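Novice: Okay, here's what each chain looks like letter by letter:
2 protein chains.
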Amino acid sequence: ARPRVGYFHSGKSRYRVVAEKLNSVLVDSVKSVPIVVNEKSFVYDAVVTMFIEDVGTLFVVREGGLLEGVLSRKDLLKTTLGSHDIHNLPVKVVMTRMPNVVHTTPEETVWLAAKKIIEHEVDALPVVRKVPLEDGSEGLEVIGRLSKTNITRLFVELGEGY
Amino acid sequence: ARPRVGYFHSGKSRYRVVAEKLNSVLVDSVKSVPIVVNEKSFVYDAVVTMFIEDVGTLFVVREGGLLEGVLSRKDLLKTTLGSHDIHNLPVKVVMTRMPNVVHTTPEETVWLAAKKIIEHEVDALPVVRKVPLEDGSEGLEVIGRLSKTNITRLFVELGEGY
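These protein sequence lines are chains Z and X, in that order.
Just so we're aligned: 70 in our numbering is position 70 of the first sequence, and the numbers increase by one with no gaps anywhere.
Just so we're aligned: 110 in our numbering is position 110 of the second sequence, and the numbers increase by one with no gaps anywhere.
These aren't lab readings, by the way, just hints derived from the structure by calculation.
Wrong hints could be hidden among the right ones.
For chains that are exact copies, the list does not tell them apart, and a pair is met inside one copy or across any two.
With a straight-line Cα cutoff of 25 Å, these simulated DMTMM-like cross-link-like pairs (lysine to aspartate or glutamate) come out [unchecked claim]:
| no. | residue 1 | residue 2 |
| --- | --- | --- |
| 1 | Lys78 | Asp45 |
| 2 | Lys74 | Asp54 |
| 3 | Lys92 | Asp54 |
| 4 | Lys92 | Glu141 |
| 5 | Lys78 | Asp54 |
| 6 | Lys92 | Glu39 |
| 7 | Lys116 | Glu134 |
| 8 | Lys130 | Glu141 |
On a predicted model such as this, the values are computed, not experimentally measured, just so you know.
Could you build all of it, start to finish, from the sequences and the hints given here?
Specialist: The structure is reproduced here in structure tokens:
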């Protein structure tokens, strides 16, 4: 009878094998398509987009798909509750704006992105890549979306077939 | 996100070790406190509760904490957008009601609960236990909440210290 100690031939603990696996998946392989609204749009348009696309987080972009801000379901619910005319209220007024938008990149691990989601108490992160701007500075182009749903789906996939 | 091939001394693949771990955690160990509203309350009260408690899902209960329905941020956003008087609109009108409410139990694995969340496209599940009712039937008492946030937090914990 072989002892059921948690160490393998390789010297790695069971715990470490799990942690290693969870740290090996990159954002690029699980990210979704980003749903964006233009910075010049109004809260009403944003709410409509949120329902049509059935997402909980919208990214606000300017020309070139450059990240300007983020709108959550919570932001929009708070706004619709107030006595605002949401047809004429610009999204810029209610969004969380750069540089306060937590983001991730395709090369980052899902684990690190998940840690950001928990620490900053958000539902999703924009997946971005740096692009050089004409004025010599850098912008962040939105190329994807990583949400708690993607992480939950990954959790299900990794535990499948047990 | 495909597991690397690699068999251990024990004959278990790396993949299987990970799947086994993800299937070993029970809902009871990661669940949160449930935030509930009474079935007789109005949509306005529900929205206020959602903001005060900062949750994305509310459970609607009747006497004894028995599950009657669920309200999501999406349900409430849709309702506040409409031309309803939310001070006089009962939550019963807009909630998803039993028996259509997907739920979990403390003894179920987080993996199975996560699979329900993905398959039914919800953000959270009520954690329930069966209780006998006076008429001989069974009710579901709400004793917790399991959300995508709990699962994301578990994902972060399992990958910690790598």
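Novice: A separate judgement is required for each hint: does it hold in the structure or not?
Specialist: Verification of the supplied hints:
1. When the C-alpha separation of Lys78 and Asp45 is checked against a cutoff of 25 Å, the pair qualifies both within a copy, at 16 Å, and between copies, at 14 Å.
2. Taking CA atoms no more than 25 Å apart as the test, Lys74 paired with Asp54 passes in both settings, with 14 Å inside one copy and 9 Å between copies.
3. In this homomeric assembly, Lys92 and Asp54 come within 25 Å of each other (Cα to Cα) both inside a single copy, at 21 Å, and across copies, at 23 Å.
4. In the homo-oligomer, the alpha carbons of Lys92 and Glu141 lie at most 25 Å apart inside one protomer (18 Å), although the nearest pairing across protomers, at 43 Å, exceeds that limit.
5. When the C-alpha separation of Lys78 and Asp54 is checked against a cutoff of 25 Å, the pair qualifies both within a copy, at 18 Å, and between copies, at 12 Å.
6. In this assembly of identical chains, Lys92 and Glu39 lie within 25 Å of each other by CA distance solely inside one copy; the values are 6 Å within and 37 Å between copies.
7. For a Cα distance limit of 25 Å, the shortest separation of Lys116 from Glu134 qualifies neither inside one copy, at 30 Å, nor across copies, at 48 Å.
8. Taking identical chains as interchangeable, the C-alpha atoms of Lys130 and Glu141 lie at most 25 Å apart only when both belong to the same chain, with a minimum of 6 Å there against 50 Å between chains.
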